[in-house]
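Peer 1: So the sequences go chain by chain: A and B. Each residue of the first sequence is one higher than the last, beginning at 182 in this note's numbering. Each residue of the second sequence is one higher than the last, beginning at 2 in this note's numbering.
Among the clues, some could well be false.
Below 25 Å or equal to it, Euclidean Cα-Cα: the simulated DMTMM-like pairs (lysine to aspartate or glutamate) are [unchecked claim]:
(1) B:K134 - A:E372
(2) B:K124 - B:E106
(3) B:K162 - B:D259
(4) B:K160 - A:E335
(5) B:K134 - A:E369
I should point out that these hints are in silico values taken from the structure, not numbers from a laboratory.
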Amino acid sequence: MGETQGHGHQEGNGHAQGSKYGMVIDLDKCTGCGACMVACMAENNVPTKPDETNKLDTITWMRVFKLSNGKAFPEAETCYLPRPCMHCGGKHDAGHSPCVSVCPATATDYSYKTGIVSQIYTRCFGCRYCMGACPYKARYFNWWDPKFPADMKEYLSPDVSVRMRGIVEKCSFCFHRYQRAMDRAFYEGRELEEHEYQTACTQACPAGAITFGDLNNERHMVHKVVNDKHEGHAVLQGRKPFRLLEELDTNPKVYYLSARDWVVKAGNASLRETSPADKKPSGGHH
Amino acid sequence: MSGPEKTQQNGAAHKKDDSAGVFAMSLFAAGISVYVSLFVGWLVLPELLYSRQHQPIDFNHAIHMEIVDGCTSCHVFREDGTFAGTPTLAQCIDCHEEVQSIEPEPGDEDYEVRLAQYLDEVKFVEEYVQQGKEVPWLIYSKQPDCVFFSHAAHMTSHKFKVLEGGKIGAPPVEFEHGEEPEDARCNMCHMAFIDGEAVPFGEAETLPLYRRNWITTYPIDIWGRNISGFNDHYYDSAKMDDCAQCHYDQRNDHQGQDACFVCHK
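With the sequences and hints as input, model every part of the structure.
Peer 2: Set out below in structure tokens:
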């Protein structure tokens with residue numbers, strides 16, 4: 182597998198550079214409909230609970246957050262931010278993702294061929310170090326054995342292994358789709374095309390807010406968007422792609438776009454202005 | 002020496018003898034325990050750990066291979082290279098709509114073997130073909146749910162090397178260009194273990210005993226028959242380490258391991 186990926190040269194970290202799958206989410210297009218969340222759950226056999234009112238326990242590989250600029254009408258603004266696993270590459274894409282670094286069981290690893298952070302359910306023993314290490318809270322713990330309503334069992338995907346109680350799970354960038362697509366490309370002796378491997382959330386988004394592909398492949402749209410260059414022209418109209426908590430050097434592969442300054446600042450702690458309430462009073466005590 | 006003193010010395014000597022005896026007995030008991038534990042752990046428990054099941058029909062691969070052309074005549078691959086699974090009734094029904102073989106007479110050559118084959122065919126026709134029911138074959142190479150295995154990649158990869166006799170560390174077999182028999186690839190992983198001997202499935206006149214681990218529910222062909230896990234051949238077992246070893250051996254660069262998501266899902 183992975184042999185037809187053509188581009189291979191050595192990077193500074195000593196690993197041959199293969200593909201680097203990533204995502205660009207246009208927050209100005211996202212309407213917060215939640216179709217990506219539903220598609221993700223259906224695609225990846227994510228279980229539901231008999232009582233879903235407690236959302237803290239709900240497993241959502243893709244979760245849409247609601248952000249607000251905190252201002253009163255008429256200046257109030259809302260933004261919806263879909264958050265999958267960021268598939269962090271760590272500094273220089275050396276594979277030192279926060280979760281991979283702390284896993285004592287090698288239940289999660291970084292693929293230098295695809296840039297995807299895996300989660301192997303049968304290897305995980307549920308210590309949850311990775312959950313503590315993940316700054317994006319993209320990992321979820323199975324507190325119970327999965328329960329699927331009777332008829333739903335017939336809809337489970339055979340390509341995705343169903344998890345059990347006591348282990349951690351997270352977004353895999355629908356890696357099973359990559360496996361299927363690569364299988365066919367390999368058999369036909371050709372390279373993988375961009376449209377052949379797309380995540381379920383990307384395809385489900387009615388607003389077309391999500392773009393997915395190989396960040397290292399110049400022909401893929403994600404590469405063009407992140408580098409703001411499509412057929413020699415800038416495509417972002419002044420918008421700059423940003424990533425969540427970039428100051429942590431986690432090197433995520435999920436980029437966001439927004440023309441609104443407050444949204445960009447909300448995603449990046451170092452850019453946030455300190456609110457007056459947080460400011461320490463100057464001067465000494467009398 | 003007075004009487005009581007002598008008695009005391011004798012008592013001390015007895016105590017010394019007793020403690021030495023107890024020590025020797027303990028050592029002996031410990032030694033026996035180790036032997037018993039090893040015997041139970043390495044010979045008895047592995048036998049108890051696995052079920053002993055016969056296939057619903059004792060299919061004779063050798064006879065069928067005389068008629069068909071290679072494994073993929075019945076173990077079909079789809080147009081996109083994916084494996085279609087165990088052969089179904091549809092593939093058998095053309096020949097076996099009715100019982101084909103003739104009931105042997107006592108005194109015939111190989112009477113018992115031929116009678117068993119005849120009875121198997123009668124059972125197959127009456128219980129499955131005539132009832133339109135698929136045979137519930139027991140799958141020797143059934144992998145756990147978390148495994149992604151691509152037959153397409155293994156059967157078509159030009160990088161895949163068939164090693165002599167499927168032996169670990171053996172040199173690759175040099176085939177004339179395009180002359181590699183497909184069965185050579187199949188036999189790298191799939192062999193029938195009959196009476197302790199590994200036989201290519203295509204040459205087997207009977208099906209191996211199916212043994213399933215009571216705890217894990219995986220067939221013995223996954224862990225292998227050697228309880229220590231050490232193997233001589235690639236087909237001896239199909240654990241994660243075995244797949245990783247073969248992937249490593251097949252690569253010319255011998256650099257690093259594949260990522261987990263290559264074979265897991």
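Peer 1: Against the structure shown, which of the earlier numbered hints fail to hold, in ascending order?
Peer 2: Hints 1, 4, 5 are the ones this structure does not satisfy, whereas the remaining hints hold.
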